[in-house]
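J.: Sequence:
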Amino acid sequence: MLNAMIWALACFGVVAADIALSVVLFSALGVASVFMGFSIDDLDIQLLQAVAQTASFLMALLWWRYLWPRSFMARRQSEHPLGGGARGAWKRIACVIVIGLALQVVVGYVTDAALSLLPDAAADYSELVEETGMGDTSYLAVLTTVLGAPFCEELLVRGIIFEFSLRAFNPQCRPLWKRRRRASAQDGAMVPWAAPSTWGIAAAIVLQAAIFGFMHMNWVQGCYAGAAGLIFGWVLVTTGKLRYTILLHFAFNAGSYLMTLLWFVNTSLDVVVTVAIAGVILVEAMRSLRHACGMDAASAPLP
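Heads up, the final residue of the sequence shown is numbered 303 in the numbering used here, and it's a clean run with no missing numbers.
Be careful, since some hints might not be right.
Unchecked claim - Within a straight-line C-alpha distance of at most 25 Å, the following computed SDA-like cross-link-like pairs (lysine to any residue) qualify:
hint, residue 1, residue 2
1, K91, F250
2, K241, L101
3, K178, W68
4, K178, W199
5, K91, D112
6, K241, L62
7, K91, L242
8, K91, P81
9, K241, P175
10, K91, L230
11, K241, Y66
12, K91, K241
13, K241, A276
14, K241, I93
15, K241, P81
16, K91, L258
17, K178, L9
18, K91, S288
19, K241, W90
20, K178, A28
21, K241, P69
22, K241, M286
23, K241, V283
24, K241, T54
25, K178, L61
26, K241, Y224
27, K91, H80
28, K91, M217
29, K241, E79
30, K91, G294
31, K178, M1
32, K241, G88
33, K241, M1
34, K91, V272
35, K91, G255
36, K91, H291
37, K178, G255
38, K91, A278
39, K178, I6
40, K91, A276
For the record, the hints were derived by calculation from the structure and aren't laboratory data.
Based on the provided sequences and hints, a complete structural model is requested.
T.: Next up, the structure:
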């Protein structure tokens with residue numbers, strides 16, 4: 001229990017560190033604006049977000065590089081590398097992209113339906129979108145949303161936070177993360193340990209998804225980000241590679257801009273049919289990804 005509490009708090013510590021970094025960055029920018037004679041309010045909000053995102057990415061990258069040699073994912077890759085060659089890799093890429101796009105359709109329409117039943121929440125969210133520039137379609141806004149966010153958030157959440165979540169619910173694996181820091185990822189296979197349990201992996205997926213939702217700091221985004229985070233965590237456990245969740249996040253965010261292509265979805269019946277079709281595609285793509293990763297014959301995701 002104590003182990004779970006410590007590592008769960010460490011997960012929220014990652015969020016606190018990211019927030020603290022932004023506070024320090026904007027405070028420094030505010031001080032610089034006083035001496036340089038410009039107002040920080042005159043700066044483009046998307047530019048400020050891009051700067052904060054870059055700083056967050058660099059922090060996450062360095063942190064993840066430090067954790068990687070002793071991580072569950074390093075162990076997963078050393079013991080069960082993905083096969084299939086180039087053909088297998090392209091199949092996994094295609095499955096991940098389809099999962100991201102289908103998930104966006106399902107989450108997008110379900111969220112819209114929920115907001116239609118909660119007019120006050122919808123009004124508050126619309127105001128938030130306008131104030132923060134989330135609805136901006138400028139090149140910089142699209143760049144930070146489609147490219148910046150996947151790299152930054154996946155390193156933070158599916159990298160660091162998911163690693164800490166796995167440690168929280170799998171104390172039997174302590175020898176893995178307690179070994180010397182400079183050991184290589186391949187050495188992880190030589191460390192004696194008890195494999196993470198199925199329930200421990202599931203609990204870790206739920207915890208990182210909940211924190212992913214919390215990081216968005218509003219109820220609407222928090223709910224759909226948390227739901228999406230469950231799928232993101234599943235993809236990471238299935239593939240064992242962070243690059244696939246980055247690609248998934250890219251497809252999911254890009255899908256929000258492609259929703260306008262579904263101009264023919266107008267009535268409630270149209271929405272129900274579209275969500276049903278997208279749901280079937282999502283499930284089939286997940287099944288195909290599992291098969292492409294050789295998980296059908298595996299007894300556990302992280303043996």
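J.: For each hint, tell me whether it holds in the structure or not.
T.: Hint by hint, here is what the structure shows:
About 17 Å separates the Cα atoms of K91 and F250, which keeps this hinted pair within 25 Å; it holds. About 19 Å separates the Cα atoms of K241 and L101, which keeps this hinted pair within 25 Å; it holds. Simply put, K178 and W68 have alpha-carbon atoms about 13 Å apart, close enough for the 25 Å limit, and the pair holds. At roughly 22 Å between alpha-carbon atoms, K178 and W199 fall within 25 Å of each other, so this suggested pair holds.
In summary, the hint linking K91 to D112 is not supported, as the alpha carbons are separated by about 32 Å, beyond the 25 Å threshold. For the hint pairing K241 with L62, the CA-to-CA distance comes to about 17 Å; that is within 25 Å, so the pair holds. Of the supplied pair hints, the one linking K91 and L242 holds, its CA atoms being roughly 16 Å apart against a limit of 25 Å. Between K91 and P81 the alpha-carbon distance is near 16 Å, which keeps this suggested pair within the 25 Å criterion.
With a C-alpha separation of about 22 Å, the suggested pairing of K241 with P175 holds against the 25 Å cut-off. Taking the CA atoms of K91 and L230, the gap is near 22 Å; set against the 25 Å cutoff, the hint holds. Simply put, K241 and Y66 have alpha-carbon atoms about 17 Å apart, close enough for the 25 Å limit, and the pair holds. About 15 Å separates the Cα atoms of K91 and K241, which keeps this hinted pair within 25 Å; it holds.
Restraint check for K241 and A276: the C-alpha separation of about 29 Å exceeds 25 Å, so the hint is violated. About 12 Å separates the Cα atoms of K241 and I93, which keeps this hinted pair within 25 Å; it holds. The hinted pair formed by K241 and P81 meets the criterion: a straight-line CA distance of about 10 Å does not exceed 25 Å. For the hint linking K91 to L258, the alpha-carbon distance of about 22 Å falls within 25 Å, and the restraint holds.
At most 25 Å may separate the alpha-carbon atoms for a hinted pair to count; K178 and L9 meet this at roughly 18 Å. Pair hint K91 plus S288 holds up; C-alpha atoms about 9 Å apart against a cutoff of 25 Å. About 14 Å separates the Cα atoms of K241 and W90, which keeps this hinted pair within 25 Å; it holds. At roughly 37 Å between alpha-carbon atoms, K178 and A28 are farther apart than 25 Å, so this suggested pair is violated.
With a C-alpha separation of about 14 Å, the suggested pair K241 and P69 falls inside the 25 Å cut-off, and the hint holds. Taking the CA atoms of K241 and M286, the gap is near 15 Å; set against the 25 Å cutoff, the hint holds. This hinted pair checks out: K241 and V283 have alpha carbons roughly 20 Å apart, not beyond 25 Å. For the hint linking K241 to T54, the alpha-carbon distance of about 22 Å falls within 25 Å, and the restraint holds.
Distance check on the hinted pair: K178 and L61 sit about 21 Å apart at the alpha-carbon level, within 25 Å; holds. At most 25 Å may separate the alpha-carbon atoms for a hinted pair to count; K241 and Y224 meet this at roughly 23 Å. Using a Cα cut-off of 25 Å, the hinted pair K91 and H80 holds, with the two alpha carbons roughly 18 Å apart. Between K91 and M217, the direct Cα distance comes to roughly 35 Å. Violation of the 25 Å bound is thereby established for this hinted pair.
Taken as a hint, the K241 and E79 pair is honoured in the structure, with Cα atoms around 13 Å apart against an allowance of 25 Å. Under the criterion of a C-alpha separation no larger than 25 Å, the hint pairing K91 with G294 is consistent with the structure, at around 12 Å. As the CA atoms of K178 and M1 are separated by approximately 18 Å, the hinted pair is consistent with the 25 Å bound. At roughly 14 Å between alpha-carbon atoms, K241 and G88 fall within 25 Å of each other, so this suggested pair holds.
The suggested pairing of K241 with M1 is violated, with an alpha-carbon distance near 29 Å, which exceeds 25 Å. A threshold of 25 Å between alpha carbons decides the hint, and for K91 with V272 the separation of about 29 Å lies outside it, so the pair is violated. A distance of roughly 20 Å separates the Cα atoms of K91 and G255; the hinted pair therefore holds under the 25 Å criterion. Note on K91 and H291: the hinted pairing holds, with a Cα-Cα distance of about 10 Å set against a maximum of 25 Å.
Distance restraint check for K178 and G255: the Cα-Cα separation of roughly 41 Å exceeds the 25 Å cut-off, and the hinted pair is therefore not satisfied. Taking the CA atoms of K91 and A278, the gap is near 19 Å; set against the 25 Å cutoff, the hint holds. For the proposed pair K178 and I6, the alpha carbon gap of about 15 Å is at most 25 Å, so the pair holds. Restraint check: the Cα-Cα separation between K91 and A276 comes to about 24 Å, which is no more than 25 Å; the hinted pair holds.
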